[in-house]
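Novice: Listed in order, the protein sequences are those of chains A and B. As numbered in my numbering, residues 1 to 456 make up the first sequence, in order. As numbered in my numbering, residues 1 to 456 make up the second sequence, in order.
Mixed in with the good hints there might be a few duds.
As the list makes no split between identical chains, a pair holds if one copy fits it or if it spans any two.
Claimed, not checked - When the alpha-carbon atoms are kept at most 30 Å apart in a straight line, the in silico BS3-like pairs for lysine-lysine are as follows:
#  : residue 1 : residue 2
1  : 206       : 115
2  : 359       : 408
3  : 135       : 154
4  : 53        : 115
5  : 408       : 115
6  : 261       : 219
7  : 335       : 362
8  : 332       : 261
9  : 362       : 240
10 : 53        : 442
11 : 359       : 10
12 : 362       : 307
13 : 362       : 408
14 : 154       : 219
15 : 240       : 206
16 : 53        : 408
17 : 261       : 335
18 : 408       : 206
19 : 335       : 408
20 : 154       : 206
No lab work stands behind these hints, which were simulated from the structure alone.
Protein chains: 2
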Amino acid sequence: MDSHIIQALKDIVGADRLETAAEELQCYSYDGTGQQFVPEAVAFPESTEQISKIMTLASASAIPVVPRGAGSGMTGGSLPVAGGLILALGRMNRILEIDEENQIAIVEPGVITGKLREAVAPLGLFYPPDPASLKFCTLGGNVAECAGGPSAVKYGVTRDYVLGLEVVLADGRILETGVRTRKGVVGYDLTRLFIGSEGTLGVITKIILRLTSRPTASKTILLLFADMAPAAALVAAMLKEHTPSTLEYLDNTALGLVADKLPFVLPAEAKAMLLVELDGDGQSVALQSSRLDDFLAGHKEILLCKKAANPEEVEALWMARRSVSPAAFNLKPDKISEDIVVPRSKIPELVACAEELSKRFKLPIFTFGHAGDGNIHVNIMLDKANPEEVSSGAQAKEALFREVLDLKGTLSGEHGIGITKAPFLGMELSETSLDIQQQLKKLFDPLNIMNPGKIF
Amino acid sequence: MDSHIIQALKDIVGADRLETAAEELQCYSYDGTGQQFVPEAVAFPESTEQISKIMTLASASAIPVVPRGAGSGMTGGSLPVAGGLILALGRMNRILEIDEENQIAIVEPGVITGKLREAVAPLGLFYPPDPASLKFCTLGGNVAECAGGPSAVKYGVTRDYVLGLEVVLADGRILETGVRTRKGVVGYDLTRLFIGSEGTLGVITKIILRLTSRPTASKTILLLFADMAPAAALVAAMLKEHTPSTLEYLDNTALGLVADKLPFVLPAEAKAMLLVELDGDGQSVALQSSRLDDFLAGHKEILLCKKAANPEEVEALWMARRSVSPAAFNLKPDKISEDIVVPRSKIPELVACAEELSKRFKLPIFTFGHAGDGNIHVNIMLDKANPEEVSSGAQAKEALFREVLDLKGTLSGEHGIGITKAPFLGMELSETSLDIQQQLKKLFDPLNIMNPGKIF
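Bound conformation, chain A alone:
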């Protein structure tokens, strides 16, 4: 990056808000994918106006700009693959407004998701989306990727909570989209065009979020099955009459990985696990729980039903679920983790496919995820130092994607496309769709400076 550009950036954000030292650049070169691309500079803007000036400058000099939240993305959304400038948005972390009466919050993009939850809780309010990284990921990143989480089965994903945005466009113009009301249909839906656009259309600088009432009670139940098929069938039946706030599953391999973490002895015949959570106020949870008991009592295919009696037992059950990812590295040192979705009735087919691929490619492959919405995390374990395993892993991933699309699923549920899935976009989207999407990209970013190299 030319020194006059560096100076111009310093003039905009302040000399102490621009980093070009190699060791500092390293800190902004990675994300949840484990891949690394080093930027040329990192700016720490503190206002929409500064970002507008930066984008005007970047447009004039055709400098790539990559917005970055916490760098916790799973598909490379915040990696500066074409070099250029990282916009580190961590200093834009103010909760600008909590409108208690209208159940709305207005935040800057660098607010950590969990912090918003904490801030609104004392007011009896709730921001439902709960990506696994919620203690450190940012709302700007959540919006850019349309993050989900276990609670999506009841509450929906980030998209369902964003009412409006402020965005700085590639040319520096400031765009306000959407509304701060519960409804709104004025003009084209620019808000949702930016949601999930992974920083490729503009820089999100403000987010208007819908909140709900906070559930004050919950109930956690673990169910074991001899096979994935009856577990999936139970999910479909359960969702007809019950509204769990979480409905997670582990397949046979995933269950085996955490058997010793469970607060009870895992029956030998258990090959699939469901973790169900109900939430609401105390009375409502009691009623839901009693209704769910009646439902479960009629299902003899359940090997074991374990209810958490207290917060410690809840924690123990969730511990097992959360231990899957770390325990996986006992199998192999590296992991290809894919976030895919199938119609929830097709989960058994998808699990069977993963098992078949595991045998065919001689790599451990296991699945777990959000059974309620068919959003599954498929983990292909391998050793990246072994070229044969790298090749097999890549082939297994592509075969998996083909199966997902055959099952009328989609290649990403909540992690986005970024760089890890960009080569596969044409498997799911038609030429017409790709053409329209590329034209949209060009409309918003004719110089291709907004997070170049992503999605397409």
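Got chain A sorted already, so can you dock chain B onto it with the hints?
Specialist: Positioned in the frame of chain A, the structure of chain B alone reads:
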């Protein structure tokens, strides 16, 4: 329209599926606005392929094409203001698939909203959006306008139920958007770009809808207040801890209009009414109802609380609500009906503004609508034969819009922009937003043949 175009259209849809007779054209010249624009021809396509051919032809000859469902729109979305061809989609009325296990329906655009509700009910499924016209409006129109309804306070609007679309573009290409799964973030959100785009970006030919479980019980409660302010305050308080499926209000004038329709004597001091509905299964409704009773018992500002004891009483209470619109014509022969939204805490200000405008412009003005989401229908009554009233009505409308925007509201909640609000778009949207939206329109429809004259 040239005779060779007419012939080419007949070749596509069949001679008996194209109308050019003046008396037939009349039937497709109006909508819910009462305005009239006569098309040059009406085609009744029966497949995506036919529509694709029609659009290819229309592009080659620069013929305006206006998709039309039931013609029940409130802002002129289906009116052929530039002449050309009406695509009457009523024959594309097949429910293509109901996927019970995954709670998904795939429909053609001409399916009547209420028919889908009826079709899925026996399976224990539910399509929540309930525009007032649901017995005759079509799902294609609902998607094009992003229709809402009373149940939006609990269930959301059309946007929240559309997973994916098939759309024929202006140039005849067929585009598939979205997913048939619960989650999906692959590429830009084209689905929601089409939702609410009022037929200006393409012709919707297929809709993938998310369904929910059907509520089997409900409870209806009517509340009266001496003023709008305590009613609105109660709404905000209620929504913190309760989840009504409907939360409608009538202001003082609206209440007066239907006083004689109520199944009880209206207390003289009653100046505002709330209609609350709870739904769910029997046990859940009983619990919700008992909790709501406790809540209401603590609110001494409620003049009267009337619970419907049986379906007849429910019907009587709703009768009163539904009688507002027809009864309004006792005041004046014509009506300007505006669908606006304010943060729900601002409803009292909006109601006060309507009363003030009524005095200032010497026209009856009253409001009613969806108190739970601040989506209000403002009715300015006038006599169109009286030029002074027409002028006053127009001024009152513009003053109303200014107040709505001052209250941080939006000019349309569920009826769209069409032609009736197009002149006011610049009041709400910035130059940057309008520029982007017009560029989007140009991207999808460079010849401006898709429903020209709408929105902008």
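Novice: Look at each hint and say if it fits the structure.
Specialist: Against the structure, the hints:
1. 206 with 115: Within one copy only: 16 Å inside, 41 Å across.
2. 359 with 408: Within one copy only: 24 Å inside a chain, 59 Å across chains, cut-off 30 Å.
3. 135 with 154: Result: close both inside a copy and across copies, 21 Å intra and 29 Å inter.
4. 53 with 115: Result: close within a single copy only, 29 Å intra versus 53 Å inter.
5. 408 with 115: Between copies only: 26 Å across, 37 Å inside.
6. 261 with 219: within (20 Å within a copy, 46 Å between copies)
7. 335 with 362: Within one copy only: 14 Å inside a chain, 72 Å across chains, cut-off 30 Å.
8. 332 with 261: within (19 Å within a copy, 74 Å between copies)
9. 362 with 240: neither (38 Å within a copy, 54 Å between copies)
10. 53 with 442: The answer is both: 21 Å in one copy and 28 Å across copies each meet 30 Å.
11. 359 with 10: neither (55 Å within a copy, 57 Å between copies)
12. 362 with 307: neither (37 Å within a copy, 66 Å between copies)
13. 362 with 408: For residue 362 and residue 408, the Cα distance is within 30 Å only inside one copy (26 Å; across copies 59 Å).
14. 154 with 219: Classified as both: same-chain Cα gap 14 Å, cross-chain 23 Å, threshold 30 Å.
15. 240 with 206: between (38 Å within a copy, 25 Å between copies)
16. 53 with 408: between (44 Å within a copy, 27 Å between copies)
17. 261 with 335: within (21 Å within a copy, 68 Å between copies)
18. 408 with 206: So residue 408 and residue 206 pass the 30 Å test across copies only (16 Å; inside, 35 Å).
19. 335 with 408: within (25 Å within a copy, 48 Å between copies)
20. 154 with 206: both (26 Å within a copy, 26 Å between copies)
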